[in-house]
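Undergrad: Construct the complete structure from the given sequences, taking the supplied hints into account.
Going down the list, the protein sequences come from chains L and S.
Residue 284 in my numbering is what sits at position 284 of the first sequence, and the numbering runs on without skipping anything.
Residue 276 in my numbering is what sits at position 276 of the second sequence, and the numbering runs on without skipping anything.
Everything labelled a hint here was simulated from the structure, so no lab data went into it.
One or more hints might be untrue.
What the hints assert, rightly or not - Subject to a maximum C-alpha distance of 30 Å in a straight line, what follows is the list of computed DSS-like cross-link-like pairs (lysine-lysine):
no., chain 1, residue 1, chain 2, residue 2
1, S, Lys62, L, Lys304
2, S, Lys80, L, Lys277
3, S, Lys277, L, Lys78
4, L, Lys163, S, Lys243
5, L, Lys147, S, Lys66
6, S, Lys62, L, Lys163
7, S, Lys164, L, Lys9
8, L, Lys164, L, Lys147
9, S, Lys147, L, Lys248
10, L, Lys164, L, Lys248
11, S, Lys164, L, Lys62
Unchecked claim - Here are some chain L residues pointing at chain S (derived, C-beta under 10 Å):
no., residue
12, Thr8
13, Met57
14, Gln165
Unchecked claim - Label-pair restraints from in silico Cβ distances:
no., chain 1, residue 1, chain 2, residue 2, range
15, S, Glu169, L, Lys207, 45 to 51 Å
16, L, Gln17, S, Lys207, 54 to 60 Å
17, L, Ala141, S, Asp173, 29 to 35 Å
18, S, Thr271, L, Ala141, 48 to 54 Å
19, L, Lys304, S, Asp173, 28 to 34 Å
20, S, His231, L, Val172, 42 to 48 Å
21, S, Glu145, L, Thr209, 44 to 50 Å
Just so it is clear, CB atoms sit at the ideal spot from N, CA and C, and this is done for glycine as well.
Number of protein chains: 2
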Amino acid sequence: MLKDIVRTKTYQNVITQSSFLIKDKIVLDVGAGTGILSLFCAKAGAKHVYAIECSQMADMAKEIVKTNGYSDVITVIKGKVEEIELPVPKVDVIISEWMGYFLLFENMLNTVLYARDKWLADDGVVLPDKASLHLTAIEDAEYKEDKIEFWNNVYGFDMSCIKKQAMMEPLVDTVDANQIVTNCQLLKTMDISKMTPGDASFTVPFKLTAERNDYIHALVAYFNVSFTKCHKLMGFSTGPRSKATHWKQTVLYLEDVITICEGETLTGSMTVTPNKKNPRDIDIKLKYMLNGHRCQVSRTQFYKMR
Amino acid sequence: MLKDIVRTKTYQNVITQSSFLIKDKIVLDVGAGTGILSLFCAKAGAKHVYAIECSQMADMAKEIVKTNGYSDVITVIKGKVEEIELPVPKVDVIISEWMGYFLLFENMLNTVLYARDKWLADDGVVLPDKASLHLTAIEDAEYKEDKIEFWNNVYGFDMSCIKKQAMMEPLVDTVDANQIVTNCQLLKTMDISKMTPGDASFTVPFKLTAERNDYIHALVAYFNVSFTKCHKLMGFSTGPRSKATHWKQTVLYLEDVITICEGETLTGSMTVTPNKKNPRDIDIKLKYMLNGHRCQVSRTQFYKMR
Numbered sequence: 001m002l003k004d005i006v007r008t009k010t011y012q013n014v015i016t017q018s019s020f021l022i023k024d025k026i027v028l029d030v031g032a033g034t035g036i037l038s039l040f041c042a043k044a045g046a047k048h049v050y051a052i053e054c055s056q057m058a059d060m061a062k063e064i065v066k067t068n069g070y071s072d073v074i075t076v077i078k079g080k081v082e083e084i085e086l087p088v089p090k091v092d093v094i095i096s097e098w099m100g101y102f103l104l105f106e107n108m109l110n111t112v113l114y115a116r117d118k119w120l121a122d123d124g125v126v127l128p129d130k131a132s133l134h135l136t137a138i139e140d141a142e143y144k145e146d147k148i149e150f151w152n153n154v155y156g157f158d159m160s161c162i163k164k165q166a167m168m169e170p171l172v173d174t175v176d177a178n179q180i181v182t183n184c185q186l187l188k189t190m191d192i193s194k195m196t197p198g199d200a201s202f203t204v205p206f207k208l209t210a211e212r213n214d215y216i217h218a219l220v221a222y223f224n225v226s227f228t229k230c231h232k233l234m235g236f237s238t239g240p241r242s243k244a245t246h247w248k249q250t251v252l253y254l255e256d257v258i259t260i261c262e263g264e265t266l267t268g269s270m271t272v273t274p275n276k277k278n279p280r281d282i283d284i285k286l287k288y289m290l291n292g293h294r295c296q297v298s299r300t301q302f303y304k305m306r
Numbered sequence: 001m002l003k004d005i006v007r008t009k010t011y012q013n014v015i016t017q018s019s020f021l022i023k024d025k026i027v028l029d030v031g032a033g034t035g036i037l038s039l040f041c042a043k044a045g046a047k048h049v050y051a052i053e054c055s056q057m058a059d060m061a062k063e064i065v066k067t068n069g070y071s072d073v074i075t076v077i078k079g080k081v082e083e084i085e086l087p088v089p090k091v092d093v094i095i096s097e098w099m100g101y102f103l104l105f106e107n108m109l110n111t112v113l114y115a116r117d118k119w120l121a122d123d124g125v126v127l128p129d130k131a132s133l134h135l136t137a138i139e140d141a142e143y144k145e146d147k148i149e150f151w152n153n154v155y156g157f158d159m160s161c162i163k164k165q166a167m168m169e170p171l172v173d174t175v176d177a178n179q180i181v182t183n184c185q186l187l188k189t190m191d192i193s194k195m196t197p198g199d200a201s202f203t204v205p206f207k208l209t210a211e212r213n214d215y216i217h218a219l220v221a222y223f224n225v226s227f228t229k230c231h232k233l234m235g236f237s238t239g240p241r242s243k244a245t246h247w248k249q250t251v252l253y254l255e256d257v258i259t260i261c262e263g264e265t266l267t268g269s270m271t272v273t274p275n276k277k278n279p280r281d282i283d284i285k286l287k288y289m290l291n292g293h294r295c296q297v298s299r300t301q302f303y304k305m306r
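TA: Okay, here's the thing in structure tokens:
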């Protein structure tokens, strides 16, 4: 994960270039992993950093902190955020890299919000503090053929019943910017410093306008993250026009192949909710409608990320 | 997995071109998945096929069998091989695609051997009936730097304690044939029709002779599978000189960078055992020795596939 340069470099730049946010502050690193963000903060002059990590990696993080001579500044705490005790009542900064695929899949957001409500000082800062989900539409004839239509004829046998299941699984993959047919639309912004866990369930409308005559095979979701407390806005995008990250994009194939002309709009709504049985899974409901010159389409589709 | 053409096509060719092994025979498909091997057998004229699958995929397989009109020939049984009842006392053929990474990682071999001992007729056939493990040595400066030495300096911090752990993890990856420095040696052959589960634990010697002057950064293991009961020998190799499969190869990085001259030999032994705690994990012990013109090396390294 450290090898995702876009991600790690952004955090490094934020911490290094906005040291006024970190210097002489008490920092809490939620889900510290190897401790890399804690090390960045220690180097930037944090008064103290508490690095919470529940996996075995905590032992490694302790050794790394020691090897790099930061044992007096960074305290690695092995355990769950919801179960551990902090030696201080409040912290000035909470930093975390909590985002999952599709922003919300298998994420640590609720843990960050828990830590915020319990320990963050009134004038404290959450890094990052904004995350937004975006949507666009792509032409993807080749890949849809490969991934979905494949099941119609598998070495001569009809396995189309698997197709239905394949359609319901959002695909995490890198989309070529040339495949984009419409504008990109902001679906939802989350303010990590204020939101509640319930805000991660939502229904939002969208309106995508075709920028060329083409087919639409899939909608593509991606997220941006920003650190608005820096002097200049910093952050990164996981969109198809940005430098690739390990989050790639999330592709939702449509039942229909939509023929769209430049200027026509695909409208609809997306509903995102944690699965009731397994809250780490995500249910996505997509309604879409096109009143085009060549075809009328109106459909509701359900997806499950698991 | 159906998309691994080398794998699936080989099974298809074996079944189609050696229909004398299948026609009018009772076949047991161990770990049937979508049922593709059962369908091949039914099409080749099997008298009856019992397809055992313990996952949810069994329901899909039932539907696929029905859709393709083979419900009277193929019976899908949902359950564990060790727990289900077969409606017949004996079968003529056991077919299975049981191989894991490094042949033996998370494999279904023991399940196949259990089915063989319980149900295979005296003159019955196991498909495939031979599997062999092979070893070669590669130059891999670039990748070792990337994967292992990376930890020496991670955004300016010393994380070399993670290096030790990274070294112990065999890496499943595709090796370029141009990286091969020595001959390829057969380590171990398994006769699936005769072997016992204990035969999957072994210590075998090796002797690799350099075919050019180069460095050795890693040993690479791969396996071949063959169907010797066909009229002509059929099978496939997962080696770096063969067409890629989803099994790729298994790379074991060496502590030492070995300087070797053409004709010099790297000798040693490999010990493979299931992990005592988690029998699905594999412990690998590698002893190697070089008495070269430029350096003498003698070392024992331990790896864990998990």
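Undergrad: Does each hint fit the structure? Answer for all of them.
TA: Checked hints:
Among the hinted pairs, Lys62 (chain S) with Lys304 (chain L) is consistent with the structure: their alpha-carbon atoms are about 23 Å apart, no more than 30 Å. With a CA separation close to 26 Å, the supplied pair Lys80 (chain S) and Lys277 (chain L) stays within the 30 Å bound. The suggested pairing of Lys277 (chain S) with Lys78 (chain L) holds, with an alpha-carbon distance near 24 Å, which does not exceed 30 Å. Proximity of Lys163 (chain L) to Lys243 (chain S) is assessed by CA-CA distance (about 28 Å); at most 30 Å being required, the pair is judged to hold.
At roughly 23 Å between alpha-carbon atoms, Lys147 (chain L) and Lys66 (chain S) fall within 30 Å of each other, so this suggested pair holds. This hinted pair checks out: Lys62 (chain S) and Lys163 (chain L) have alpha carbons roughly 15 Å apart, not beyond 30 Å. Our distance criterion of 30 Å between C-alpha atoms is met by Lys164 (chain S) and Lys9 (chain L), whose separation comes to about 25 Å. Between the alpha carbons of Lys164 (chain L) and Lys147 (chain L) the distance comes to roughly 11 Å, so the proposed pair stays at or under 30 Å and holds.
Straight-line distance between C-alpha atoms of Lys147 (chain S) and Lys248 (chain L) comes to about 21 Å, which keeps the hinted pair within the 30 Å bound. Distance check on the hinted pair: Lys164 (chain L) and Lys248 (chain L) sit about 24 Å apart at the alpha-carbon level, within 30 Å; holds. Taking the CA atoms of Lys164 (chain S) and Lys62 (chain L), the gap is about 15 Å. The hint holds against a cut of 30 Å. For Thr8 (chain L), the interface hint holds, since its Cβ comes within 10 Å of a Cβ in chain S; the closest pair sits about 6 Å apart.
With its C-beta approaching chain S no nearer than about 9 Å, Met57 (chain L) sits inside the 10 Å limit, and its interface hint holds. With a least beta-carbon distance of about 8 Å to chain S, the hint placing Gln165 (chain L) at the interface is held under the 10 Å criterion. The hint said 45 to 51 Å for the Cβ distance between Glu169 (chain S) and Lys207 (chain L), and at roughly 48 Å that hint holds. For Gln17 (chain L) and Lys207 (chain S), the hinted distance range of 54 to 60 Å is satisfied, since their beta carbons lie about 57 Å from each other.
Remark: the range hint 29 to 35 Å for Ala141 (chain L) to Asp173 (chain S) is upheld by a beta-carbon distance near 31 Å. The hint said 48 to 54 Å for the Cβ distance between Thr271 (chain S) and Ala141 (chain L), and at roughly 51 Å that hint holds. Separated by about 31 Å at the C-beta atoms, Lys304 (chain L) and Asp173 (chain S) satisfy the suggested range of 28 to 34 Å. Take His231 (chain S) and Val172 (chain L): their Cβ atoms lie about 45 Å apart, and the range 42 to 48 Å holds.
Restraint check, Glu145 (chain S) to Thr209 (chain L): a C-beta distance of roughly 47 Å satisfies the suggested window 44 to 50 Å.
The structure agrees with every numbered hint stated previously.
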